[in-house]
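Chemist: The primary structure of each chain is shown beneath.
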Amino acid sequence: MTVTSVHVPAPARSGFSAGEYITCLTGIVWREGLRFLHQRERFISALVRPLVWLFIFAAGFRQVLGISIIPPYETYILYEVYIAPGLMAMIQLFNGMQSSLSMVYDREMGNMRTLLVSPLPRGYLLFCKLLAGTAVSVLQVYAFLAIAWFWDITPPPMGYLTVLPALILSGLMLGALGMLISSGIKQLENFAGVMNFVIFPMFFASSALYPLWRVEEGSPWLAYLCEANPFTHAVELTRFALYGKMNWVSLAVVAGCTAVFMIGAIIAYDPSRGLVRRGPGGEA
Amino acid sequence: MTTQNAPALDSTGSASQPAPDQVPALSVAGVSHSYGARKALNDVSFAVRPASFTALLGLNGAGKSTLFSLITRLFAVQTGDIGIFGHDIGRTPGEALRLLGVVFQPRTLDLDLSLTQNLLYHAALHGISRREARARSEELLAQIGLADRARNKVRDLSGGQMRRLEIARALLHRPRLLLLDEATVGLDVKARADIVEHVRQLVTEQGIGVLWATHLFDEIAATDDLVVLHQGRVLARGPVPQVIADTGASDVNAAFARLTTQASAARSSEP
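Line by line, the protein sequences are chains A and B. The first sequence begins at 1 in our numbering and counts up one residue at a time. The second sequence begins at 1 in our numbering and counts up one residue at a time.
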């Protein structure tokens with residue numbers, strides 16, 4: 001092993017250029033994309049879950065649940081068409097929770113250390129990481145839409161484009177929420193608890209599977225709860241955007257929640273916590 | 001016992017006007033750190049000179065990894081100051097971390113990515129353009145003898161090759177200070193010797209300051225600076241011959257034994 005070249009170290013500069021910020025962002029997204037491509041099982045399992053809901057659950061409930069004409073739809077629709085945006089949001093919900101939990105777990109395992117010793121601001125690095133996780137979830141959603149097209153879920157062609165900003169925003173919100181929640185988790189095994197106490201309640205107490213007017217008929221207080229659920233607004237933002245329309249209330253709620261969750265997540269994400277948990281017996 | 005004074009940092013996070021060649025690569029001044037009630041570091045002070053090899057010697061649990069986590073800003077400094085070429089890690093972390101390369105004790109490579117992809121990712125985290133990153137990656141892989149495996153997955157490498165790749169990665173952004181935390185753990189004798197020789201060449205040929213954390217005496221040379229860390233306290237610091245002479249021992253191993261025995265005796269006699 002030989003070292004042949006001698007370089008004169010560059011003096012330290014203060015601050016970072018826009019190019020450096022962009023290079024860092026694209027590098028983190030690129031790496032997340034590469035990892036995603038290398039993990040085909042993760043890709044397939046992420047698709048199977050919504051497809052099971054679409055092919056089995058929706059087919060079974062098609063005759064039970066009738067959907068009246070509600071915005072953004074301009075005519076009667078099949079139940080499969082109604083729940084498709086909810087399943088798109090579900091992909092992002094699971095992806096956001098899983099990727100955020102791995103970020104917290106990685107504090108101990110080492111991969112996040114590489115990221116965190118970058119000289120760029122830590123808040124920006126975590127934002128890039130969340131954006132990278134969102135990019136992966138958006139890829140999963142488009143793969144789902146491609147398969148769903150063969151199941152007669154055919155939004156207008158422009159909808160595939162107009163839904164993209166909605167997916168990015170809702171993906172960021174759910175990823176930031178996942179990071180905020182995961183920061184308080186002590187062990188990876190506790191993800192089952194996250195499933196039971198966060199993911200399932202958020203999913204079922206939303207407009208993903210049934211319109212809120214139907215919920216209100218059965219239980220007004222549950223309808224209020226659903227309306228207060230940020231996931232409901234992620235679903236509705238996605239639903240409207242998929243048909244080239246805007247739901248301003250949902251946009252405001254999702255944007256506001258994204259900002260709040262993001263700030264909370266950056267504050268809550270303390271890399272020293274994972275290391276401290278090794279306790280006095282560990283090599284500190 | 002010889003001491004290396006760690007210069008105080010002013011309110012802007014910069015060292016107070018020493019000549020450029022006198023600014024230490026790393027200054028640790030009065031650093032203490034606790035995990036709840038347990039004190040992991042207690043008033044730790046030392047400095048690493050530019051273009052020098054400083055061995056941080058301590059047993060498992062001495063506080064080496066905690067110290068590394070503080071220097072790399074993974075932990076927030078609770079008490080004391082840490083400066084890298086005069087830039088305070090708490091106040092101006094960006095400037096400080098630009099000058100720092102790190103090899104952590106646990107492997108931090110992405111096993112499913114290729115050697116080049118790992119290096120390009122690290123370069124991106126430092127804002128280095130893709131074109132420049134490719135050129136530097138090729139140069140570094142050639143230097144560590146892994147150019148022909150650039151496209152291989154990292155998981156196909158041996159333990160020694162992975163460590164060499166991690167060192168190359170830590171050098172990619174051209175730091176002036178390199179931290180290595182137990183970099184030879186788990187390697188065979190030949191791979192260990194190669195890594196130590198490689199890092200010493202970085203000091204002599206590239207002028208990089210090195211802080212080498214270890215618990216292995218045979219990795220310390222007579223020309224090194226030495227910091228002995230035991231139960232969170234610095235027991236001795238200075239050139240190796242000086243530390244040995246001050247303890248009246250015959251070698252580093254015996255000096256370390258005397259220092260730790262004395263420290264343990266002093267601790268047990270404390271009320």
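One or more of the hints may lead you astray.
[As the list claims (entries may be wrong)] Listed below are several chain A residues computed to face chain B (Cβ distance under 8 Å; list not exhaustive):
1. Cys24
2. Gly27
3. Arg62
4. Glu227
These aren't lab readings, by the way, just hints derived from the structure by calculation. The beta-carbon is built from N, C-alpha and C at its ideal position, and this holds for glycine as well.
Chemist: So, for every hint listed, does it hold in this structure?
Modeler: Status of each hint after checking the structure:
no., hint, result
1, Cys24, "holds (6 Å)"
2, Gly27, "holds (2 Å)"
3, Arg62, "violated (41 Å)"
4, Glu227, "violated (40 Å)"
Taken one by one, the earlier hints fail for this structure at numbers 3, 4, listed in ascending order.
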